[in-house]
Amino acid sequence: MTLTDTPSSLSRFGRLMVDRPLLPLIGLLVLLIAVLAILNPGVLSMFWAGNTLKIAIPLAMLAACQTLTMLTGGIDLSVGTVATISAYLTATLAPLIGVPPAIAIALASAVVIGLVNGFGIAVCRVHPLIMTLGTALIATGFLLVYQRYVIATGVQIPDFLLWLGTGRSFGLPNSLALFIPFAVLIIWAQRRSGFGRLLYAIGANEAAARLSGVRVWQVHLTLYTLSGVIAGVTGLLYLGQIKTASLSLALPLDLPSVAAAVIGGTSIFGGRGGYGGTIVGALILTVLTTMLTLMQIPEGGRRILFGLIILSVTALFIRLTERN
Amino acid sequence: MRRWFDANAWTLGLAVLLAALLLATKLIQPGFGVSGLDSLARAALPFALATVGMAIVVLAGGIDLSIAAMMAVASVTGAVLMDGASDGQAAFIVLGVLGLGLLMGAVNGLLIVVSRVPDIVVTLAMLFVWQGVALLILNAPGGAAVPWLRALSTGSFPGLDWLPRAVVFLALVTALIWLPIRRAKLGLRLYAIGSDPLAAFRSGVPVGQTRIIAYALCGLFAALGGLSVTMGTGIGEPIPGPYLLASVAAVVLGGVVLGGGRGGILGPVLAVFTLRTVRMDLTLLSVDPNVAAIVEGTIMVAVVMFGAVLAARGRKG
Amino acid sequence: MPDAAAVLDATGVAKRFGAVVALKNASLQVAAGQVVALMGANGAGKSTFVKILTGVLKPDAGHVKIKGRDSTVASPAGARKWGLVPVYQEPSLIPDLSVADNLRLADTAIEPFRHWVAELGLPGLAPDAMIRSLPLASLRIVDLARALALEPAVLLLDELTAALPTDLVDRVLKVVRAQADGGRSVIYVSHRFNEIAAICDRATVLRDGLTVGDVKIEPGIEERIVEMMLGGAVAAAVSAERPVKPIPSETPRLRVRSLKTGTRLTDVSFDLHQGEVLGVVALEGQGQDELFDTLAGNRKPSAGTVQVDGAPKTFAHPADAIAAGLTLVPGDRAHALLMSRSVRENIAVPLLARVRNWGAIRMRDEAAKVDKAIDTLQIDTRALGEVRRLSGGNQQKVTIARWIAKGVQTLLLFDPTRGIDIRTKRQIYALVRDLADQGAAVLFYTSELAEIRLACDRAVVIFNGRVVDVIDARDADEATLMRAAYGLTEKAPA
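From first to last, the protein sequence lines are chains L, B and V. Each step along the first sequence adds one to the number in our numbering, with nothing skipped, and position 237 is 350. Each step along the second sequence adds one to the number in our numbering, with nothing skipped, and position 147 is 156. Each step along the third sequence adds one to the number in our numbering, with nothing skipped, and position 37 is 45.
Quick caveat, the hints were computed from the structure, so don't treat them as lab data. Where is the CB? At the ideal position from N, CA and C, for every residue including glycine.
Which bits of chain L does chain B cover? Going by a derived footprint, with three or more residues having C-beta under 8 Å, they are:
no., region
1, 236-249
2, 410-418
Capping the alpha-carbon separation at 30 Å, the derived lysine-lysine pairs in BS3-like fashion look like this:
no., chain 1, residue 1, chain 2, residue 2
3, B, 194, V, 66
4, V, 224, V, 75
5, V, 59, B, 194
6, V, 32, V, 73
For each label pair, taking beta carbons as the anchor points, the in silico distance ranges come out as:
no., chain 1, residue 1, chain 2, residue 2, range
7, B, 217, V, 222, 37 to 43 Å
8, B, 217, V, 69, 26 to 32 Å
9, L, 361, B, 96, 34 to 40 Å
10, V, 340, B, 217, 23 to 29 Å
11, B, 322, V, 26, 35 to 41 Å
Kindly produce the complete structure, drawing on both the sequences and the hints.
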């Protein structure tokens, strides 16, 4: 309660974790890379670094959706589906109607899904988890119908998406050209825009935000629409990276995107965290996945590990914040 | 009498709706009969069992997002162990899988009570854990089910053609497990912690313990649901179907209030059959199955949205 | 005073929550055949004491003995085993179960319950009626009848008669008295002197977490009890005498007429003028919470009107109230603060609330406004990172600073000085006066009666959801206010 608390070393560490999650996170990342280097000497190279970045970027972008929604105490489990739909629409519509209209339709459908999520969460007050799962289910149905009824004359992946997804310049992946401005914008907006601040305010204390005159539904509606747009754009990038249009393209990223944000120090209860930590979290997960693959841990083991990470980090977070 | 009628008006309405839908089915397809009923019941069985499990936790004021993943674990465990097992061994395997279900549910409940992390977050994390466990046990659909188990939910009884075995199976297990609980003090306690945890605590209800039991029961029904998947297909399915959303929607449509305390088990079960019948009718009208899935999904989401609005009203008033 | 035959004997009970000391040294003795009133003004520690007696909380020190055996229990079920059965202010019945199921849940036999329900005046109560469908008065009767059916050695009744119609009150009081006459013991927590005079043998009075008196109930005892609840404060002269401003005659800033919200706020009317600080005095639960919530747009009233500068207003959302210049500092800081965020972010929230302010923040502009507010309130700036790490006083200043930064027109302060240090309290009085002098209007509810003289121009006294008195600050000594708050001086409001 007072300023003159004499914290134990444990609670001091806890405070550091809560206040500056970036430092210990980067430490963890370096540690993981070191372990990887010991497990498999010679794996570290400029090429490996570039590749890791390339794989981490779509994950980090979807994790932006989780970070922003989690700041308000929400979550968006439809991002994988939205990204998949956006990619599939672009790839199959481009040969029919040209690249720009195809992308426009792809992003428009991402907006629609986001709006539906926003409506259910903001106006009907459905729990974000249930709502986004539901829209994902419906949207997948639409995708399947689309796939059956629209005779695709073939798949065309726009050149600039290929350049963005797979190209390299100076040894670094071109996707950084999209990601760096994106990350800068998000990190700027979370602290220096009114909208970003309100996300923290709602997550920290929705009743207090309301008493301060914030109409919470407006923020939720905007937020989930924005989340849809980010997921849609990520789908385009992922299409350029994977180079095929599949009906389950980005679905495997759903769970890791939540895990990346949680590991990055964003509280699933809202009000704490930020995108900086999430980026490091996405890198940690990517390196961890490489490691698990090297150790031949199957997919099932990976899911268990991710689930346990989410649970234990959240439980730890509750302990740390209650102590203070 | 009148009071009973009032309290069960929603369930009765659902029953009437279901009857009307079945009648409509008969009109759409005059050939609809015993085999149609049987396939409807078999398709609905895993959904119905998941819904009963979900209804119990929701009545007790919680939610279990990991229900479909627990079903997958039960399904693959049963199928893997039964592959090559004798009939007698299979009986023990079934009991073991049910025990596993209770255990998984109890783990969920225990983690919620001990970690003080909200139920929705714990069961989301456990959703991934149980999914991983299912994949570790069986990487792709496989395994087998012994014939007597498959026979439990297939066909009907001689002389009672119109009564599918799947319905009898569902009614029996639900009645055997739920009715004694509902009659006992445990049933009151489950409703009490869902309705008003503070008043329950003051009335001497062990709130944490009751919550763990609610999740364990949910796990038990998830295991039954998982076994019914294996009964239906003859193999274990490591990738869970859309049982989570379907069970939440059926629970809401069945008159159970999200937040707990109000509703019963029969309503949600009738809701499952209603939703399944809608889907079947769409198929009979030769609507594309994917379009039918969209319609069904939209109905489910709309139901959940409606339920959330009602729950928010209830909190205010 | 310690009674050898005491059925319940609580001695030296202490309890603190973090830095807040709720109980220092509370004691209570109840003998067989007695009804003992437990009294205390707001914040005296009464509700904490009740929670400890009934096993909801564990005391830090002291003991509770029932029939000579230590019953410092850790659960309500445990308390019941020892023979103490409470009836709380909020009925502890499960809304979604029937009356009969509620009895079964708490292992209560139905026959004695039926007897008591009939005795208490509800013979027609159906056992299969849903609790949710019953009116509040019936719920209290059901709760009491359930407790009586358990034949408790000690019955604890917490504000039992609130929201009961008069005829039921009479029956309830008769039954409670009969319990004691039959040799059982009753602890009667109440604000109502007439009821206490009617049925109680003794009264135990709490002040600031201490038991300050244990008196026999006899005619004229009210004055002594009021004195005990006030303590030395009566004698202490109020040093800060201010000239009291005449009430201006133009349209009031805020005009409230016949406002009714929920079950507690039944009919409140008053005017609040520009440049005025209007105090609100009320015992706990007399409708003041509902009044402030309604004026802040956080709850909808069921009847009555609110006018701001002569124009009628209805608020569907706090944003509407804020647009009309009505800004609330709620009583519980946890409801107002973003605990995990910085002081600056906390203060700036209202500046960003509107959609048109969602874009880039003009950081300099914001910093200037925030700094000015921090300066005005002298907020300790050593721990700006997270509001949860500030002291209570500084936290309270942050909740006020939010509206200073935005610009104050009508400030609704709900017990802003509760649980904070004396220096900060003084700063808040000075601030409130300054704001009024600069043309703001302030509605100031306080649980500390002495503050009315220190900060206000007038005070309205609310009892049972209605304004029972309007007192000029010059005449607002604590004894007067206390008597008025207990409804002892009730007169028709002007």
